[in-house]
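A.B. asks: Make one complex out of these two single chains by using the hints.
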Amino acid sequence: MAELSVLGKRLPKVNSWAHLTGSAKYADDLFLPRMLYGRLLRSTQAHARITKLDVSRALAHPGVVAIVTGPDMPETIGIMPSVQDETALAIDRVRYVGEPVAAIAAIDEDTAFEAMSLIDVEYDPLPPILTIEDALREDLPKIHEKSRRANIFKEVHLSFGDLDAGFASADHMRDDWFFFEGNTHAPIESHSAVASFEGDGKLTIWTCTQVPHYLHRELEKALGLPRAKIRVVATPSGGGFGGKSDPFAHEFAACLLSMRTKRPVKITLDREEVFYAHRGRHPVKMRIKTGVKQDGEITAVHFQSWLDGGAYSSYGIATTYYTGALMTVTYRIPAYKFDGVRVYTNKPPCGPKRGHGTTQPRYALECQLDKIAVDLGFDALEYRKRILQPANSRTVNELRITSMGLGQCLDELGAKTKYSERHGQLPRGKGVGIAGSAYISGAGLPIYWNEMPHSGATVKLDRGGGVTVYCGTAEIGQGSDNMLASVAAECLGVRPEDVHVVSGDTSLAPVDLGSYSSRVTFMAGNAVKDAAWKLREWLLDAASERLAIPRECLVPADRRITDLRDPEQFVTFDDAVVLAEAKHGTLSAAGSYRPPQGIGGGYKGAGVGPSPAYSFQASVAEVSVDLETGVVTVDRITTAHDCGRALSPANVEGQIEGSAYMGYGEIMGEEQVFRGGLHKKPSLLDYKIPTSLDTPELEAIIVETIDKEGPFGAKEAGEGPLNSVIPAIANAVYDAIGVRFDETPITADKVLAALGKRDNRGMPKDRIGPEGMGDGQEAANAALRRLSFTTEAREKKKANA
Amino acid sequence: MTKQLLTLNVNGESRTVAAEPHHTLLEVLREELQLTGTKHGCELGECGACTVLVDGVAVLSCLTLPMQVGDAIVTTVEGLADAGAGAPGREARKLHPLQTAFAEEGAAQCGYCTPGMLMSAKALLDGNPSPTRDDMAQAISGNLCRCTGYTAIYEAIDSAARMARGG
Numbered sequence: 001m002a003e004l005s006v007l008g009k010r011l012p013k014v015n016s017w018a019h020l021t022g023s024a025k026y027a028d029d030l031f032l033p034r035m036l037y038g039r040l041l042r043s044t045q046a047h048a049r050i051t052k053l054d055v056s057r058a059l060a061h062p063g064v065v066a067i068v069t070g071p072d073m074p075e076t077i078g079i080m081p082s083v084q085d086e087t088a089l090a091i092d093r094v095r096y097v098g099e100p101v102a103a104i105a106a107i108d109e110d111t112a113f114e115a116m117s118l119i120d121v122e123y124d125p126l127p128p129i130l131t132i133e134d135a136l137r138e139d140l141p142k143i144h145e146k147s148r149r150a151n152i153f154k155e156v157h158l159s160f161g162d163l164d165a166g167f168a169s170a171d172h173m174r175d176d177w178f179f180f181e182g183n184t185h186a187p188i189e190s191h192s193a194v195a196s197f198e199g200d201g202k203l204t205i206w207t208c209t210q211v212p213h214y215l216h217r218e219l220e221k222a223l224g225l226p227r228a229k230i231r232v233v234a235t236p237s238g239g240g241f242g243g244k245s246d247p248f249a250h251e252f253a254a255c256l257l258s259m260r261t262k263r264p265v266k267i268t269l270d271r272e273e274v275f276y277a278h279r280g281r282h283p284v285k286m287r288i289k290t291g292v293k294q295d296g297e298i299t300a301v302h303f304q305s306w307l308d309g310g311a312y313s314s315y316g317i318a319t320t321y322y323t324g325a326l327m328t329v330t331y332r333i334p335a336y337k338f339d340g341v342r343v344y345t346n347k348p349p350c351g352p353k354r355g356h357g358t359t360q361p362r363y364a365l366e367c368q369l370d371k372i373a374v375d376l377g378f379d380a381l382e383y384r385k386r387i388l389q390p391a392n393s394r395t396v397n398e399l400r401i402t403s404m405g406l407g408q409c410l411d412e413l414g415a416k417t418k419y420s421e422r423h424g425q426l427p428r429g430k431g432v433g434i435a436g437s438a439y440i441s442g443a444g445l446p447i448y449w450n451e452m453p454h455s456g457a458t459v460k461l462d463r464g465g466g467v468t469v470y471c472g473t474a475e476i477g478q479g480s481d482n483m484l485a486s487v488a489a490e491c492l493g494v495r496p497e498d499v500h501v502v503s504g505d506t507s508l509a510p511v512d513l514g515s516y517s518s519r520v521t522f523m524a525g526n527a528v529k530d531a532a533w534k535l536r537e538w539l540l541d542a543a544s545e546r547l548a549i550p551r552e553c554l555v556p557a558d559r560r561i562t563d564l565r566d567p568e569q570f571v572t573f574d575d576a577v578v579l580a581e582a583k584h585g586t587l588s589a590a591g592s593y594r595p596p597q598g599i600g601g602g603y604k605g606a607g608v609g610p611s612p613a614y615s616f617q618a619s620v621a622e623v624s625v626d627l628e629t630g631v632v633t634v635d636r637i638t639t640a641h642d643c644g645r646a647l648s649p650a651n652v653e654g655q656i657e658g659s660a661y662m663g664y665g666e667i668m669g670e671e672q673v674f675r676g677g678l679h680k681k682p683s684l685l686d687y688k689i690p691t692s693l694d695t696p697e698l699e700a701i702i703v704e705t706i707d708k709e710g711p712f713g714a715k716e717a718g719e720g721p722l723n724s725v726i727p728a729i730a731n732a733v734y735d736a737i738g739v740r741f742d743e744t745p746i747t748a749d750k751v752l753a754a755l756g757k758r759d760n761r762g763m764p765k766d767r768i769g770p771e772g773m774g775d776g777q778e779a780a781n782a783a784l785r786r787l788s789f790t791t792e793a794r795e796k797k798k799a800n801a
Numbered sequence: 001m002t003k004q005l006l007t008l009n010v011n012g013e014s015r016t017v018a019a020e021p022h023h024t025l026l027e028v029l030r031e032e033l034q035l036t037g038t039k040h041g042c043e044l045g046e047c048g049a050c051t052v053l054v055d056g057v058a059v060l061s062c063l064t065l066p067m068q069v070g071d072a073i074v075t076t077v078e079g080l081a082d083a084g085a086g087a088p089g090r091e092a093r094k095l096h097p098l099q100t101a102f103a104e105e106g107a108a109q110c111g112y113c114t115p116g117m118l119m120s121a122k123a124l125l126d127g128n129p130s131p132t133r134d135d136m137a138q139a140i141s142g143n144l145c146r147c148t149g150y151t152a153i154y155e156a157i158d159s160a161a162r163m164a165r166g167g
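Residue numbers (the numbering used here), protein chains in the order written: chain A, 1 to 801; chain B, 1 to 167.
Honestly, I wouldn't trust all of these hints.
[As the list claims (entries may be wrong)] In the SDA-like style, the derived pairs of lysine to any residue whose C-alpha atoms are separated by at most 25 Å in a straight line are:
#  : chain 1 : residue 1 : chain 2 : residue 2
1  : A       : 25        : B       : 78
2  : B       : 94        : A       : 495
3  : B       : 3         : A       : 34
4  : B       : 3         : A       : 753
5  : B       : 3         : A       : 31
6  : A       : 25        : B       : 97
7  : A       : 681       : B       : 46
8  : A       : 262       : A       : 430
9  : A       : 430       : A       : 753
10 : B       : 3         : A       : 495
11 : A       : 688       : B       : 46
12 : A       : 688       : B       : 134
13 : B       : 3         : A       : 12
14 : B       : 94        : A       : 497
15 : B       : 3         : A       : 60
16 : A       : 430       : B       : 133
17 : A       : 25        : B       : 94
18 : A       : 688       : B       : 133
No wet-lab data here; the hints were simulated from the structure. Please read these numbers as outputs of a predicted model, since none were measured by experiment.
Isolated chain B, as found in the complex (with noise of 0.2 Å):
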């Protein structure tokens, strides 16, 4: 089939790239702009393991065209550290306190579902600073860890709440 020009705009810059118009969003991410933070569990939206966020709404990239897409925003685990910073201009890249809390409790073993998870916990915070457990389980109920237990996850959310609330 032959491949389309294709604009999306990822982690904060605009990107052109020519793709083959029945290829998934996962698919261009990874394989045409080597974003490969993004995981593949199923393909078939089962897993949550390729979780982005569009216009900050967690959706799958495996079942999400990206013509669908057009000039909304899409942030990728790659994007999750400076969408944590502060103002443009700053030096370093500083991890979003996710990254962090998951570090800290221990919350990615494998790591495989940890892109996703990431991404549907940042999707939560952002419109829920002050999360319940019972909010969290919902938020990530669509994403499967099959190393954790989901304990250290929504210990790390928790975690992650109260250091952006400064906390």
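One chain only, chain A, in its complex shape (with noise of 0.2 Å):
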């Protein structure tokens, strides 16, 4: 391939401009005429039937002009077909503080919200089950009657090798629970949604969502309007992290609202109904059994999850699995069984948040490889680069790996921060961690199972030289349109500047998924890649025609269509564009991706793991510890990430640094966490986000693989950075003050305690985490008995069969 000349090279991204001038329209910056404003009326019970609901006063109220409620949107929704188990405002019972009940359209918003407490709302509470254990073991009552033993959602099973051989084989075994604790996006732009319902009887929403396409769809389900009819705009978000990929009550409302009073609503959350709105990490238990030889290579694994779903499905299914899929992909391992249960508890729902499902696991595996390698006196760097998977492999539940750049992302840690040097040697209160990671690049299979693309594009070409791209991706900042600019330029032989964007339109752009699962620059970059590209060849043709050069010693640039044996021979681009035009009429073309076939298993859940390329990626925390007050200071984390190839290598660090930020601030103190199903820290000065001055020194480095399947060799940045910063920070600490923490986040008040600091007894401790399930030891055995029992009886059930 001849050199590139936009690809690779630092420039401002297409959409900069308009946030840096204030003219980027987000939903909530958008007012149209004759405008209603809405809010919603949410549950003040964890758990309750609802005995009664009489909007009658509100809707007298001046100034209101609709009301709707549960019983007008009766279908249930939810983003993954097989399990929808929600309406889009809550029928008779409510599941969750914050539920949405009921929603009023007014004048302004100060009526709206004057109005909500005219709403006659009554409750007959019902016991709330708010841990994983309570929600595994009653049976009464239920959150959802379709949940068959106690109040599990889903259960997983899944058996890879022989297991039993495996640890029969080991020299060395361990046994390790950790708790990963729940936590929110907290984007800074909290949801907005405006709808307007036209006079020809057709829906536009215009809302900050980052799956347009699956929006669509719930509203067509919802509303009863024919999705011909519905147009979903994907605004510019203020941030996603996997927090706007569910359909919400307020988009459905807003909708209704616009269709009964034929006038626009725009519904825009508050910054506490954005904590209830969550979707966000899942609190999870985990158990990981490793088997181990003497030289330290894995002959088994055996990991259990339980997740804390809250109050409904969202995502769960695919969480549930993706607590357990990728596990295999970093390092070899022979032998693998993986147990997932997700429950129900009476607590907002939770979701993907970036690193979906992956991240927890993750933060377990890392961690107890570093306790392998203090077992067994490796040096925690140089031990993962012996193990790891080769690249072009099959794992043992069947993944394909392509490119796979971990050993080179260590190689390059290890230069850049002397970790092998530093480690072990540091003065007590100092330390230094290190853990590796990996990350899909987009899921191999849509959510919902078809033939189609994953992603469409559709490029176009005027007379005047002009190039515009058509996709329906959703740019929630992660620079999706400046890939879609680029790419095309790239092709075409113009500046990315030069580029009309067309994104995240239901009516006006190709269907792509969404922006999720770390899949936009892999599948809509080989979609605009393939539209592109055949224009190129006509814009080549057209020049060769003209210039009289074989067309293979021609390369679009700059604008200009060049003979690469002589500069001063070209047709520019406009020209080449109006003699391709004369010769093949209007100059469009469409191009889609889909996934290969076959790079997963066949068994039943094969579904979830298999993704065309991975990246890959490893930090080293540096941290000192005060030893008095317990006050962990993060100085430095490095995160090394292999993204095939950084198509804009100042958005893939900033993707890096933004992932390292935000994995830093799960591990040091942000909680999703409930009282009695109360938020417990519902506003962003409870939740602390990290702010300028806790954020540590962040560092990235780019490492390159050139996948062959992604356009131009390119791969995911955005999430998969995230999962290695956090066990790198937990080892670190290890490091610091030989305290094992096996439960986040780490804060002052636990390192205290672990220091012996925190009470007149003074004993230290060297590990904070969970002994098991349950608070306290005979909890655990009583819940590990009964999962060992279903799991054993399943077993059973099936040889017999």
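C.D. replies: Rendered as structure tokens:
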């Protein structure tokens, strides 16, 4: 391939200028003529029957125009078609504090707010279920009648290779418990949607969603309006991180209120509501049993996870599988067993947050590997390098691995941070830790299983030399618009700033499945490349004809198509467009991308985990622990990330740094925690996301492996680097004070307890973390017995059948 | 509640609007003056997205009542480009060095904290043309960014400071 003229260069993002001049229009920035303002009335109960819901007083309030409640939209909805268990607004029953019950549209926000107190709601409380242990144990009440046993949403059991033989051949075993606390996305922009139902019977919604296509499907279902009459426009999103990838109550309510009133309706959540909308990181309890040979080679891994799902399914099936699916892609594991259980509790539903379902088990695995390295006297960096899963291989759970740069990441980190020279050598209170990780470049299967492309793009050229890309991707700040413009510009030989991008619009652009699972660069990148390449061929033909030069000697770059051998021989891009249009007619081409077949297994549950390519990354964290106050300061995090090819190096570094920042926040203090169903810290003052003064020095190292199927070799960059940061910090704290943090977050309180300085007894501990299930040993054993009983019964049944 | 007439000096223009007296400067800027570049993230003074300059001082417009502002000069992100330009009478609006530097360094990802971040950074540079990393961290400590980890923002402020100094 000739040298790239756009990709790999440090150029400003094409959509920067709108952000920097204040002209970018986020959903809440839209003000339409005659627009009404909506508010959601939310449940004050964690678990209750609704015995009375009377809106007549509120409806009579001056300025209130319409009110809708649950029975107005009776269809069940949800992001995963097989497990839809919620309605747009609650019907008869509420399952968490903050669950939307009714929606009001009024002439202004103040009026809508006043009218909320005029809705008469009465509840008959039910006992709430708030912990994983209670949900596993209690058959009554059931949060959802569909749960066959207790309050379990989903149980998964998968086994690969000969586990017994693996453990039998091990020279050394570890059996460790971990707990990862839940946390939330906390985007700076709260959710917002504006809906407008017009006289022609067509509905448009502008909303900061990550998944316009899936929202489109759910709106059709809930509103009873054909999808052909609905247009979803994903506005620029002020932060997503997975938190805007479910269909939300305010979106349905704004649409229905607009249909009822024939006026535009805006609903913007306030900050407290964002914490209750949630769909963030699941709290997960985990157990890993690992066998290794004397040389550290892994012989078998048995991983168990128990996920606290909150009140509804959201992406929960995928999350449950993801806790087990990617454990095998980094290091060689010849035998692997995975048991996953997700339960319902009376708390806001959990869903996907950056690293979806893989962050918690990755933390557990990488902390355990650090323990194994200590047990066997290995350098933790060198140890990881010795057990790497090779490139171009299959894992024991049948995932296809192509490019694999974890080894290079570890090498780069070692050189940069001097990890091996410093680990174990620093004074007490100072520590350095390392961890590796991996992530998917898009899920191999769509949420709705079908044969259609995962991403489509159209590129149009106009007679003035203009280029427009149409693609259904959602720009959530990750830079997808810039990626589309840059890939099209590279193919056509123009500059990214010459390209108009129309994205996230279900009426104007071909479908892209959405900004989730780190799929956009890989999939939409391939789709736009496919489309633009077709036009490139026409332009080259036209230029070749005009110049009488063979087309293999021509190269498009910098708005010219030039003879490689003689730069004086060229046709301008604008002229080539005119020549090609005269020859072919209107210049427009469509492209699409669908992941290849056969990249995963054929077993039940094999749908989660396969990806056309995996990103790999490793982090080194350096920490200082104040031995008197217990305060942990993370001084620096260095992350090396294999992104295939960095199409935009500045953006890739931004994703690596942003992931490191978010991972740092998760392990050092962020927690989505509840007291009796009430959020303990539903504000940005109490839920402390790191400020500039908290954030460590962050360093990003790009590693390129040029993936053979990625667009120009690219893989993902947006999620993986979060995963390795968290265990790297936990391992660094161990290096500093000799205490294992097998639960998150690591707070000063817990550090003091570990150092024996929290009370007068002064008993130091070498580990903070769960001993098993439950709070005490007894409960743990009981819960374990119950679970192993079920698992064994199931397997016996399978054997008998 | 009855609206009252109110005159504000915003981005070099004197604007008279009718607004409810309990509405904040943020609401009046966004809803009465269509200056939607200033964002709201919490309306509780916790996130900094609504930062504007009042007589050159960075303030949270969600905690400021327009009545308190009086005839002080209000600058929002929409007025930043002009504020960075030379003498009046020039032809084109020139971007402020901070805007150029934020684009070049990739300091805006989702862009939602960016208007507030730019205003805090401008207040810093106006008083301290050569800030250290610590000065920058202090100056933007009230502006939460959930995307960048702040690294690119420091680099952008530093680069803008050098541009402004002509270096």
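A.B. asks: Hint by hint, where does the structure go against what was stated? Just the numbers, ascending.
C.D. replies: The structure conflicts with hints 4, 8, 10, 13, although it agrees with all the remaining ones.
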